[in-house]
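Each chain, letter by letter, is given below.
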Amino acid sequence: MKLNDEQQMLQDSVARLMADKGPVSHLRQLRDEHNDKGYDEPLWQAMVEAGLTGILVPEEHGGIGFGLVGAGLVAREIGRNLSVTPFLSTAVLGAAALSAGGSDEQKAKWLPAIAEGTSIIALAVDDGAKHRPERLRARVEGGTLSGEKRLVLDGHVADLLLVAAGEGDQAALYLVDPKADGVTIERTVMADSRNAARVRFDQVPAEAMADGAAALAAALRAGRAVLAAELSGLALEAFERTLGYLKERKQFGRLIGTFQALQHRAAQLSGEVAMSEALALQALNACDQDAEDADQQVLAAKAKASRVALLAGQEAVQMHGGIGMTDEFDIGFFLKRARAGGETLGDANYCADRFAALRGY
Amino acid sequence: MSDLEQFRAETRAWLDANCPEEMRQPLKSQADHCWGGRKWQFQSEAQKVWMERMAEKGWTAPQWPKEYGGGGLSQEQAEILAEEMKRINARTPVSNFGFWMLGPALLKFGSEELKREHLPPICRGEIRWCQGYSEPNAGSDLASLQTRAEDKGDHFVVNGQKIWTSYADKADWIFCLVRTDPQATKHNGISFVLFDMENEGVSTRPIELISGESPFCETFFDDVKVDKHQVVGELNRGWDVAKYLLTHERNNIGGEPPGFLKGRALGPLAAEYVGTEHGKLADAGLRADIANLEIDHMAFQALVGKIRAEAEAGQGVGAQSAVLKYYGTELNKRRYELMMDALGSEGLEWDSERTLGGLFAREWLRSKGNSIEGGTSEVMLGIVSKRLLGLPDA
Ligand SMILES: Cc1cc2nc3c(=O)[nH]c(=O)nc-3n(C[C@H](O)[C@H](O)[C@H](O)COP(=O)(O)OP(=O)(O)OC[C@H]3O[C@@H](n4cnc5c(N)ncnc54)[C@H](O)[C@@H]3O)c2cc1C
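Chains as they are written, first to last, in the UniProt record's numbering: chain A, 1 to 361; chain B, 1 to 394.
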């Protein structure tokens with residue numbers, strides 16, 4: 001598929017915004033100063049002003065309802081710049097879950113807050129080291145939730161937690177107030193210097209949604225599709241930086257980009273990145289069109305992007321030689337984010353397994 | 001109803017009425033494919049009727065102009081035709097190198113006279129073409145070819161040898177790269193000429209492949225007379241034509257997998273042979289491999305769609321064809337490896353009737369040629385790195 005004019009304009013303006021206000025140097029700075037919030041507040045404000053926080057929020061609730069293709073275009077630029085914001089947690093996962101399964105009241109309360117950037121929302125799904133939403137251990141009984149969650153993105157700064165838990169034989173999302181008694185939040189800074197948390201729930205009041213199962217499914221689908229776009233953008237940037245280096249660094253009296261061993265690997269990587277990007281966009285579009293095979297496409301896109309981003313990160317470090325291993329040089333940040341983003345909401349193996357199941361084998 | 005909707009409705013009705021039932025079955029093997037040509041033996045009346053009906057509509061070459069026997073369809077219409085054919089599993093009525101290699105090159109570089117002479121017989125499936133590019137000492141380094149054509153006033157005399165000429169013994173005409181100016185630099189003295197394989201002095205010797213089949217030949221030219229008007233494009237500028245044609249060839253080789261696996265999914269095939277446990281394939285490794293292949297294939301298809309959409313209408317995809325060729329063929333090879341993994345010992349049976357004479361193993365082996373023919377994978381990566389990525393020469 002090709003972008004239409006409106007989408008192209010969005011991509012161009014977001015690309016400028018992220019390069020300007022959310023470059024890799026901000027990630028480094030946030031990390032080095034052990035920033036409390038752990039995200040780029042001025043950038044988040046700029047995104048609010050540009051309407052990007054409401055990209056999935058319907059217009060009636062103050063958003064711009066641009067759809068997942070739009071959210072993917074934003075994520076792609078986030079990936080290219082490694083911009084640090086609660087975009088995924090709040091504007092994508094939060095908005096998708098509440099739009100799909102929130103009650104009228106819940107929507108009226110939270111969706112405008114997402115669009116206006118006044119609330120941060122965190123999704124809590126994983127109750128082990130791996131993403132296994134089909135086998136949730138957290139339980140809700142009689143309106144109270146108990147369990148333990150990990151990799152809760154932006155969990156320590158959230159105003160609302162959306163928690164996946166089983167009740168009877170149903171899995172669904174529940175709204176939980178992070179300040180409620182019985183909630184313990186431990187911030188866990190990850191290898192990619194992003195916000196995550198482990199959250200314990202001990203008999204905490206859990207508010208049901210109108211359709212918590214649909215909310216969970218919608219959040220997972222949207223999150224994976226958008227992550228596929230982010231990881232593709234990250235892979236593209238890592239690749240382009242590496243290509244630049246091949247045209248600049250000399251050894252044996254010639255540019256290292258003249259070595260065929262590196263040329264072929266660069267050529268393969270460029271193709272992999274292009275395929276990852278194309279599939280991510282196609283999957284986002286399939287969701288917006290509500291295509292029959294949208295879930296298959298999203299799982300495929302997340303699996304592909306997770307692998308390609310990691311490959312791009314690895315190749316980037318290798319082809320930079322020693323300097324690629326230094327903290328002072330930015331390329332390592334791409335490798336770290338590739339690993340963390342790949343793990344989030346299901347790694348490549350998980351997605352491939354679910355994909356096979358949907359394909360019937 | 002929009003024009004395109006109307007076109008779809010008419011196409012669907014026409015196909016329903018005109019595509020014989022037999023031609024709606026998947027190909028059992030590549031042998032079921034209709035190649036056409038003077039020597040072609042139709043496998044059935046249905047195969048003949050189907051080719052003739054489609055040719056009558058111009059739909060054997062849907063997008064070529066009508067005056068040359070094509071269908072004159074727009075890109076959108078051609079896509080609709082392809083979708084409607086796929087919907088009823090209609091087989092390709094006829095195809096050979098004339099359609100997907102020579103035709104596009106003639107349309108772009110050929111004189112009006114050559115177009116009128118050669119395109120309509122291609123469309124009607126009357127003339128089957130072969131490709132005389134490679135020579136024993138000119139493979140990847142194609143431009144070092146030595147077959148020469150001497151100017152004898154009103155004609156050329158061609159002498160030399162080609163190799164790996166697919167179906168040279170079954171084809172009627174050849175499009176051939178010859179050296180017309182031995183003094184010029186490598187790429188500048190080559191011409192692109194056409195001649196009849198029945199001309200005096202042409203001989204072929206089939207070569208047996210690892211699959212046991214002999215689809216290609218050594219081809220010898222011993223004082224072969226070639227009319228001068230059969231030069232496509234300018235004299236000594238044949239390299240431009242040759243390269244343009246290669247982009248179409250690569251595009252095609254990188255497309256849908258040929259042979260047994262065309263239109264067949266690996267999952268159900270594997271389930272038949274390795275069985276299932278709790279609804280999953282009973283071989284976890286194979287299951288993961290198939291899923292990863294299908295995911296990679298889906299990503300490849302998404303990229304193909306994007307490249308095609310971006311290529312300006314009517315223009316080729318240029319150096320991007322190297323990307324498509326590389327990934328398309330590498331995926332196809334993986335697919336056949338997984339087919340063999342799935343089939344186990346049954347896939348190895350070389351001549352049993354059960355396997356239609358070793359069909360599986362033979363097609364598996366044939367697929368290895370995909371990443372060699374039309375330019376090797378390594379050559380494709382070289383094109384990508386230099387032409388698309390701008391990496392410098394040594
Ligand atoms: C099934 C099949 C059908 C064919 N049909 C036709 C046909 O109809 N007409 C026709 O003209 N030809 C045909 N060919 C020939 C085909 O185009 C050549 O085989 C191909 O171009 C490779 O040339 P070669 O065989 O001489 O291998 P070589 O060029 O000798 O290559 C040997 C190995 O060296 C590698 N290599 C070569 N150069 C480089 C480089 N610069 N960098 C890195 N690696 C390199 C190659 O990738 C390959 O792995 C066919 C081939 C096959 C397998």
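Just so you know, these hints were derived from the structure itself, not from any lab.
In this text the structure is predicted, and so the values were computed from the model without any measurement.
For glycine and all other residues, C-beta sits at the position ideal for the given N, C-alpha and C.
Among the hints, erroneous ones may be present.
Said to hold, decoys possible - Quick list of simulated restraints, FRET-style, between CB atoms: (1) K262/B to R137/A: 52 to 58 angstroms; (2) L358/A to E5/B: 29 to 35 angstroms; (3) A265/B to R137/A: 34 to 40 angstroms.
Okay, the hints, checked on the actual structure:
Distance hint check for K262/B and R137/A: the Cβ-Cβ separation is about 46 angstroms, which falls outside the suggested range of 52 to 58 angstroms. Here the CB-CB span from L358/A to E5/B is close to 31 angstroms, well matched to the stated 29 to 35 angstroms. Taken as a hint, the range 34 to 40 angstroms holds for the pair A265/B and R137/A, whose Cβ atoms sit roughly 35 angstroms apart.
Of the numbered hints listed earlier, the single one contradicted by the structure is hint 1.
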